[in-house]
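Enquirer: Kindly generate the complete structure, drawing on both the sequences and the hints.
First to last, the protein sequences are chains A and B. Residues in the first sequence are numbered consecutively from 61, following my numbering. Residues in the second sequence are numbered consecutively from 86, following my numbering.
These are calculated hints, taken from the structure and not from any lab test. One or more hints might be untrue.
As the list claims (entries may be wrong) - In silico lysine-lysine, PhoX-like type, Cα no more than 20 angstroms apart, as pairs: (1) A:Lys289 - A:Lys316; (2) A:Lys216 - A:Lys316; (3) A:Lys100 - B:Lys110; (4) A:Lys119 - B:Lys140; (5) B:Lys140 - B:Lys110; (6) A:Lys87 - A:Lys100.
Stated by the list, open to error - Here are some of the chain A residues that sit facing chain B, going by a computed Cβ distance under 10 angstroms: (7) Met61; (8) Phe64; (9) Leu66; (10) Ile109; (11) Gln250.
All C-beta atoms in this analysis are idealised placements derived from N, C-alpha and C, irrespective of residue type, glycine included.
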Amino acid sequence: MRAFELVTATDCRHAVALLAEYGPFAKVLAGGTDLLVELKSSPHVPEVIIDISRAEDLKIIAVTDEGLSIGALVTHTEIMRSALIREMFPALVDAAHTIGAVQTRNLGTLGGNLMSGVPSMDSGPALIALDALVTVAGPAGRRQMPLAEFFVGPRKTILKPDELLAEIVIPKQNFGKPAHFVKFGLRKGQALALVNVAASLWVGRDKQVFAAPRIALGAVAPTVIRAPKAEAYLEGRAITPEAMAEAGRIAVGEAKPISDFRASAEYRQDLIAVLIKRALEGACAQAKAKRDRET
Amino acid sequence: MANVTLNVNGEARTASVPPETTLLKLLRDNFNLTGAKLGCDVGDCGACTVIVDGKPVNACLMLAGQADGRDVLTIEGLATLDGLHPIQKAFEDNASLQCGFCGPGIILSAKALLDENPAPTAQQIRDALAGNLCRCTGYTKIIEAVQDAARALRGEPADKAA
Ligand SMILES: Cc1cc2nc3c(=O)[nH]c(=O)nc-3n(C[C@H](O)[C@H](O)[C@H](O)COP(=O)(O)OP(=O)(O)OC[C@H]3O[C@@H](n4cnc5c(N)ncnc54)[C@H](O)[C@@H]3O)c2cc1C
Ligand code: FES
Ligand code: FES
Chain A
61 MRAFELVTAT
71 DCRHAVALLA
81 EYGPFAKVLA
91 GGTDLLVELK
101 SSPHVPEVII
111 DISRAEDLKI
121 IAVTDEGLSI
131 GALVTHTEIM
141 RSALIREMFP
151 ALVDAAHTIG
161 AVQTRNLGTL
171 GGNLMSGVPS
181 MDSGPALIAL
191 DALVTVAGPA
201 GRRQMPLAEF
211 FVGPRKTILK
221 PDELLAEIVI
231 PKQNFGKPAH
241 FVKFGLRKGQ
251 ALALVNVAAS
261 LWVGRDKQVF
271 AAPRIALGAV
281 APTVIRAPKA
291 EAYLEGRAIT
301 PEAMAEAGRI
311 AVGEAKPISD
321 FRASAEYRQD
331 LIAVLIKRAL
341 EGACAQAKAK
351 RDRET
Chain B
86 MANVTLNVNG
96 EARTASVPPE
106 TTLLKLLRDN
116 FNLTGAKLGC
126 DVGDCGACTV
136 IVDGKPVNAC
146 LMLAGQADGR
156 DVLTIEGLAT
166 LDGLHPIQKA
176 FEDNASLQCG
186 FCGPGIILSA
196 KALLDENPAP
206 TAQQIRDALA
216 GNLCRCTGYT
226 KIIEAVQDAA
236 RALRGEPADK
246 AA
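Expert: Below, the structure is given as structure tokens:
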């Protein structure tokens with residue numbers, strides 16, 4: 061690795077101050093599982109690395125007035141072990157579990173995963189299916205936006221160079237919303253997704269119909285995407301296996317998968333249809349289990 | 086330079102290293118602890134696995150400065166003057182390793198698992214070792230050794246028939 065200066069941020073505010081101080085010459089280091097790999101192979105290394113991995117105020121998982129707040133520095137292992145997240149959003153736990161291996165999950169953070177901006181990121185789809193918001197901290201204070209609007213292209217987010225991703229919030233209205241995540245990789249362990257999909261849905265109050273269905277997909281477009289046409293097709297429709305399969309077929313037309321060394325575009329298209337059906341089935345099964353528990 | 090002080094295998098160690106030094110390089114080049122291996126250097130192989138504050142991590146993906154003040158356990162910290170650690174003993178008894186390059190990382194991943202879960206299923210063992218690649222063995226005897234070690238650590242006799 062080429063030489064750089066290493067400075068340590070004690071908390072979020074300090075990290076933002078350091079970003080303002082070093083500006084475009086600096087880059088933030090969280091778990092390092094993406095950044096160090098990049099720095100080792102890159103001829104261009106930032107002059108200053110701001111180590112935020114000790115900022116305890118970015119490691120909090122808590123229910124707030126807004127919803128469930130997950131600090132950007134929460135690791136994938138911590139998500140898997142959080143009693144709160146296990147109870148409220150098992151789909152996030154499933155997604156975290158598929159990331160890399162134990163060693164990667166112990167270092168890698170949720171914020172780092174989102175900031176990496178790679179289309180195959182495993183924490184994006186489930187969070188987007190749950191309408192997650194991100195809170196960004198900068199010199200002028202904090203701003204918030206839907207995660208779905210955070211990604212602008214491969215490895216690109218709307219974060220400005222002097223800003224820090226501070227937290228991820230799942231809004232209160234989605235507490236208890238059944239959701240399911242599925243990832244298809246070439247191996248069970250330590251494999252990036254060929255396609256990953258998350259779905260969430262409510263079941264109509266009186267009838268067995270889809271309400272507020274969300275479908276989010278990774279590795280099939282330049283960013284993690286939603287499938288609005290498939291969602292619109294499901295809204296208010298009776299919950300049947302045929303409807304789920306049709307939603308999968310519609311979503312194929314909304315994605316733009318590429319062929320690469322892992323899989324062809326055609327194969328990914330087939331996966332999209334199959335995985336969406338499975339994600340919807342999983343979310344429906346969870347809705348049913350919840351209803352059975354409550355009655 | 087980054088000045089670091091960490092607790093390695095129960096002993097306070099200090100060093101002054103360039104900021105871009107990884108924990109793996111610090112352990113191997115400054116502290117002469119060459120048990121953790123340099124394999125891929127990008128987080129894929131697990132040969133560099135060490136336990137930091139109770140959790141297995143890839144030492145090639147952590148900066149020495151990030152390990153400052155932390156507790157690090159390497160393979161050199163397992164055996165005592167009385168003999169091998171029960172996990173090492175089980176690997177020896179099962180002839181689980183061939184070239185042995187993956188061994189320190191695998192044994193530390195297994196230790197972290199057994200510290201938390203004294204009776205893991207074969208699937209849980211596979212999940213815990215998914216980040217440790219072995220190019221020689223095919224893993225079967227490694228899984229068996231971890232099961233044997235789990236029994237030994239629980240104080241049960243080795244069960245060869247199972
Ligand atoms: C062997 C291996 C397997 C992997 N497998 C998977 C996988 O299966 N699925 C998957 O999705 N990913 C995988 N990854 C990628 C990686 O582990 C994850 O993306 C991880 O969550 C990154 O988090 P980090 O904290 O390590 O990020 P870092 O490497 O510290 O940072 C990544 C980027 O985000 C920036 N950044 C980090 N935090 C912030 C913040 N709070 N604010 C602003 N910018 C920030 C950094 O500057 C850097 O550019 C794998 C990586 C490895 C090495
Ligand atoms: S050398 Fe660190 S994971 Fe391969
Ligand atoms: S014994 Fe040779 S790599 Fe595992």
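Enquirer: Please check whether Met61 (chain A) passes as an interface residue: C-beta within 10 angstroms of a C-beta belonging to chain B.
Expert: Because about 4 angstroms separates Met61 (chain A) from the closest Cβ in chain B, which is inside the 10 angstroms limit, the hint holds.
Enquirer: Lys87 (chain A) and Lys100 (chain A): Cα distance at most 20 angstroms?
Expert: 14 angstroms, holds
Enquirer: For the pair supplied as a hint, Lys119 (chain A) and Lys140 (chain B), confirm whether the alpha-carbon distance does not exceed 20 angstroms.
Expert: Distance ~17 angstroms between Lys119 (chain A) and Lys140 (chain B) Cα, so the pair holds.
Enquirer: Take a quick look at whether Lys100 (chain A) and Lys110 (chain B) sit within 20 angstroms of each other, Cα to Cα.
Expert: 13 angstroms, holds
Enquirer: With chain B as the partner, please determine if Phe64 (chain A) meets the hint condition of a C-beta pair closer than 10 angstroms.
Expert: For Phe64 (chain A), the interface hint holds, since the closest Cβ of chain B sits about 6 angstroms away, which is under 10 angstroms.
Enquirer: Report holds or violated for the interface hint on Ile109 (chain A), using the least CB-CB distance to chain B and a cut-off of 10 angstroms.
Expert: 7 angstroms, holds
Enquirer: Does the structure keep Lys216 (chain A) and Lys316 (chain A) at a Cα separation of 20 angstroms or less?
Expert: 18 angstroms, holds
Enquirer: Should the hint that Gln250 (chain A) touches chain B count as held when the rule is a Cβ pair under 10 angstroms?
Expert: 5 angstroms, holds
Enquirer: For the hint on Leu66 (chain A), does the least C-beta distance to chain B fall short of 10 angstroms?
Expert: Holds, because the Cβ-Cβ distance from Leu66 (chain A) to chain B comes to roughly 4 angstroms (cut-off 10 angstroms).
Enquirer: Quick one, are Lys140 (chain B) and Lys110 (chain B) close enough, alpha carbons at most 20 angstroms?
Expert: Distance of about 19 angstroms is within 20 angstroms: holds.
Enquirer: Compare the distance between the alpha carbons of Lys289 (chain A) and Lys316 (chain A) with 20 angstroms, and conclude whether the hinted pair is satisfied.
Expert: At roughly 14 angstroms apart (the allowed maximum being 20 angstroms), Lys316 (chain A) and Lys289 (chain A) satisfy the hint.
When the structure is compared with the earlier hints, no violation turns up for any of them.
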